[in-house]
Amino acid sequence: MIRQRTSKSSRSAAISFALSLIFPVLCAAQTPAAPAVPANPPTVFSNPRSGPDDPRIGLKPGLYDAGEAAFGLQKVATLPKPAGFAPGEAPLTPPAPVPPPTGDAAAAGRGGRGGRGGTPAPNYGGVNSDLAFNGNHLFVGNYNGINFYDIDNPQKINLRTSVICPGGQGDVSVYGHLLFMSAEAMNGRVDCGTQGIPLPPGYTPPPPPPAPPADPAAATAGAAPAAGRRGGRAPAPPSPDRFRGVRIFDISDIAHPKQVAAVQSCRGSHTHTLVLDPKDKDNVYIYISGTGGVRQAEELAGCSGGDPKKDPETALFRIDIIKVPLAHPELAKIVNSPRIFTDVQTGDIDGLMKAGDQGPGTQRSSATNQCHDITAFSSIGLAAGACSGNGILLDISDVANPKRIDAVSDPNYSYWHSANFSNDGSKVLFTDEWGGGGQPRCRATDPMHWGADAIFSLVNGKLTLQSYYKMPAPQTDSENCVAHNGSLVPIPGRDILVQAWYQGGVSMVDFTDAKHPYEIAYFDRGPIDVEHRATGGMWSVYWYNGYIYGSEIVRGVDVFKLVPSKYVTQAEIDASNQVHYDELNVQNQPKVVWPSNFIVARAYIDQLTRSGAVTPQRIAALKAAIAKVETARPSKKDMDGLQTIGVGLDKDAVTAKTSADADRMHALAEIIRKNTVDKQ
Amino acid sequence: MAICVPAISAALICLGAAIAFGQETKPPTGPPTIVQPGAPGQAGKTLTPATARARPHTLADADVSFMQGMIMHHSQAVEMVALLKTRGASKDLQALGDRITISQSDEIRFMKKWLEDRGKPTTMGQDMSHMDMKGMDMKGMNMKMDMPLMPGMLSPAQMDALAKAKGAAFDHLFLTGMIQHHTGALTMVQELFETPGAGQDAVLFDFATDIDNTQRAEIKIMQGMLEKK
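Read top to bottom, the protein sequences are chains A and B.
Here the numbering used here is used: the first residue of the first sequence is 1, the next is one more, and so on.
Here the numbering used here is used: the first residue of the second sequence is 681, the next is one more, and so on.
Just so you know, these hints were derived from the structure itself, not from any lab.
A few of these clues could be false.
Claimed, not checked - Partner residues are not named here, just some residues of chain A that face chain B (Cβ under 7 Å, in silico):
1. ALA83
2. GLY88
3. VAL127
4. ARG160
5. THR161
6. VAL163
7. CYS192
8. LEU199
9. PRO201
10. LYS258
11. VAL260
12. ALA262
13. GLN264
14. VAL530
15. HIS532
16. ARG533
Unchecked claim - Taking lysine-lysine and the DSS-like style, the derived pairs with C-alpha atoms no more than 25 Å apart in a straight line are:
17. LYS258(A) / LYS725(B)
18. LYS281(A) / LYS258(A)
19. LYS674(A) / LYS637(A)
20. LYS309(A) / LYS725(B)
21. LYS279(A) / LYS309(A)
22. LYS591(A) / LYS323(A)
Quantities reported herein were computed from a predicted structural model and do not represent experimental measurements.
All C-beta atoms, glycine included, are put in the ideal place defined by N, C-alpha and C.
Take the sequences, apply the hints, and build the full model.
Printed below as a string of structure tokens:
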């Protein structure tokens, strides 16, 4: 365990926070946090909040000198964001001159009570976002572009190339020499310019339309509201310079990437998913998830965002699929916009989640007219879509024509955000980004089953809720926190996700038992700032070839390694390090296959020891037998001895108390067989 | 020795390559390059750390007035829920009201911080000329004119009617009023993004998009409640 406890200055904060846990009523008046929530208790397990002795409570705030707490993870490197992305380069708009006080208006003008006399907040620079990996390179997306890092030595990573190209969110994927990037914001430009979209010279706004009376009925599912429009503002003129969609860069020359294509889409690209077709080696596909407003047809032909009843061609209620010819990426284009929310019975394209009320005391679930993120797991021909109001399952055996095969909703879910499959495809872990990521939703007052992971079993194409998991340490009101992006950690025999929780830090969860997930490692920092609200923390945290990389929105890139703890042994870490990816895009989830060697076997042995599924005597005999076989010239007797133990394990697996232990015993027996029988 | 097997996902998964991985020789590299690519097919530019520095972001007036207006707009929702506490009948509606209060109270604090951090007033008042609202009493919600301030906001007459209603009649007025109110928020978001030069601040973009998503969902919930009655 590594603990860097906080300095004295934070001690009082820690104590007062601890007190607030004990005397919530006393502190209620001071904390303008969430009111008591009449949340219905969940029908499935939800992990408990950690106690007041959790070292993550009361960490000292700071941009680069915050207090840190870690368990089972060791931070080995941090690299702040570089020029063009770093905090503090350009101040936020300087304070406007405040007019002289005139009674009440002045108090209101400074934000009423608590106004601090206009201390401008620090500017935290471009927002770091998602990660992709290729060989010895790490690609860190940012609202302002992408940074490429050399990670030959993960403990000493180096910035290689910065690409300045605004557009947010800057989600990245990489395939060979092609790098893909999402852009959705209003300031993105085809030419990667940083000036945004200025008005054309001599532009004068057309006269405003007359204001119609308010019409509440106009708020139909996903339709653009027409009600209550005030006069006085004219729509922005369409701009051929604006870019919202997916950019494609050629990174053959890693120091001089070139933009080879910029595929525009109606809602832009909030996230995207690289999807490969096992039958097609000449093309790759990109699924675009767009969550922003729909552009005007004057800006991008064919775009409209109307109510599907009146506008069957609406850009709502669909995803877009780009086909990228590898030999000619400049010809990449949208080839399909499947209506994956269609009600198969009625044919209505807005078939899912028409009414959002899921009962009293439950979450508000966003109406499903979009996916936020999709994770493809090609090895089983499925993708899991986190689609605002629903989790959905897609059959992607025909990559360009995904078909929905299941959809679930959940009364405790507000915004279905992302998904990960377990490596055997028997579970899907979804995340709920309650509050959109900018809000503090891990306070002691926030329910543990809101803004959490939801773990579903996946059997015969059907998803069934098993449990919730939320990073357990209560966070302050100054820390935006909710479930966010993570990846599997390839420890054989267990389902483990390492996950980002914004300013809630990193939490590693074991969900091998889908009904009882629990935390096995963590890393956390104190708030970035307690005076000014900063949106920061971990966006994505992914395992790649023995290290765990985190994109910290404000503070840069962090690199961690696993260290043994009561929950993870060195043998399990060694076994995970037997896995090597040439490339990793987490939303194009790879199927991990472990080698049949004794390094992996020792992880299973530790797990069977931990669970007690195999007696200590047998474990000792097994270890001794493996040691003999590992010698340079094992005798036939040694080989036969180990083989006998292996056969016994295989046979006894049926009596194991849990299916996880049975699987481990079978896997161990298989390794033994391959290293004894097959070698004789 | 690395063993590579093509996984079905077509990403190569190499087994046992950890040793080889650590031994690869590092290619010679110079200082990091900073590149601003051009449009597809166009040449890019190489920048220096000095020229790459982000320029001060200029906020559009509409960005500031959106946040100021939304604070006022959200405040009325909180006020309406306060009435619901004592006057409403439906338990489902009370639960919905609590959720509205959590999200809108959090968001009000978020918007005030956003404005304060940028040195902007948290309420409108100085420059209202473009909104044609001169002479209005801007203190709180007790508007003297029978006209909504921000899109969808209930007029003083509507608020009065709500404050006098009770039971099922209150619930109905609350639902129709809150649907009107939330619909106005969608209008405000749409107007923001349609305003030339506005909505280009990343934090604001994310925030406004989230308001659109969540209020749309709440409208659907409330429409469902109305239909049930």
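Task: Interface hint for VAL163(A), Cβ within 7 Å of any Cβ on chain B - done: Hint holds; VAL163(A) Cβ to chain B Cβ min 5 Å, cut 7 Å.
Task: ARG160(A) as an interface hint toward chain B, with CB separation required under 7 Å - done: Interface hint status for ARG160(A): holds (6 Å vs cutoff 7 Å).
Task: Hint validity - GLY88(A) Cβ closer than 7 Å to any chain B Cβ - done: Since chain B brings no Cβ nearer than about 10 Å to GLY88(A), farther than 7 Å, the hint is violated.
Task: ALA83(A) as an interface hint toward chain B, with CB separation required under 7 Å - done: Holds. Min distance 4 Å.
Task: Status of the hint placing CYS192(A) at chain B (closest C-beta pair under 7 Å) - done: Hint on CYS192(A): holds, closest Cβ of chain B at ~5 Å, below 7 Å.
Task: Proposed proximity, LYS323(A) with LYS591(A) (alpha carbon, max 25 Å) - done: holds (23 Å)
Open item on the list: Hint HIS532(A) vs chain B: min CB-CB distance below 7 Å?
Closed with: holds (5 Å)
Task: 25 Å Cα cutoff - pair LYS281(A), LYS258(A) - done: holds (23 Å)
Task: Evaluation of the interface hint that places ARG533(A) against chain B, nearest CB under 7 Å - done: holds (4 Å)
Open item on the list: Holds or violated: LYS309(A) and LYS725(B), Cα atoms, limit 25 Å.
Closed with: violated (47 Å)
- [ ] Verify the interface restraint on LEU199(A): the C-beta must sit less than 7 Å from at least one C-beta of chain B.
- [x] This hint holds: LEU199(A) lies near chain B, its Cβ roughly 5 Å from the closest one there, short of 7 Å.
- [ ] Under 7 Å, Cβ to Cβ, is where GLN264(A) needs to be relative to chain B, so tell me if that hint holds or is violated.
- [x] violated (11 Å)
The structure fails hints 2, 9, 13, 14, 20 and 21 (numbered hints given earlier, in ascending order).
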